[in-house]
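Following the hints, complete the assembly by docking chain B onto the known chain A.
Sequence lines, in order, name chains A and B.
Using the numbering used here, read the first sequence as starting at 197 and increasing by one per residue.
Using the numbering used here, read the second sequence as starting at 197 and increasing by one per residue.
Treat identical chains as interchangeable: a pair holds within one or across any two.
Straight line, CA to CA, 27 Å or less: simulated DSS-like cross-link-like pairs of lysine-lysine:
no.	residue 1	residue 2
1	LYS207	LYS237
2	LYS257	LYS224
3	LYS237	LYS224
4	LYS237	LYS252
5	LYS252	LYS224
6	LYS257	LYS245
These aren't lab readings, by the way, just hints derived from the structure by calculation.
2 protein chains.
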Amino acid sequence: MVTVRLFVTLKPSLLDSAGRTVAGSLQKLGFDEVQGARIGKLIELQMDKFDDARMKEMCQKLLANPVIEDFRYEVVA
Amino acid sequence: MVTVRLFVTLKPSLLDSAGRTVAGSLQKLGFDEVQGARIGKLIELQMDKFDDARMKEMCQKLLANPVIEDFRYEVVA
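Bound conformation, chain A alone (with noise of 0.2 Å):
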């Protein structure tokens, strides 16, 4: 059994408005160090067998938004 971890993030030229909003509360809560923030998936997959263009493809058919988000993956065991 194979683990992947996935990062699906909005492409940085898009403004991330959940983002702006967390980044606002933080500092409305005293945490004046934050200056930003952007949210993004992680998604954790149990695989059989891990195979790179098999991936590629899922991430383009369903687990990303390729003309707003990007992808990468990393394959933890």
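Just chain B, lined up with the frame of chain A:
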């Protein structure tokens, strides 16, 4: 400026229904090697300075729900 990468995940003992749906959808698309999926959050914070105690406080007060979620973070640069 410091970047902190925070991973918020559902505690392993809890059922992740969104993850289960994702795993089921991948299987229906023909990715039979997928056995399970769990979905969490990835939050990237830009900070003036990093302090471990304050970072923990942010997670417990706002960024994670310590009742149902685990969190861990790493300082990137």
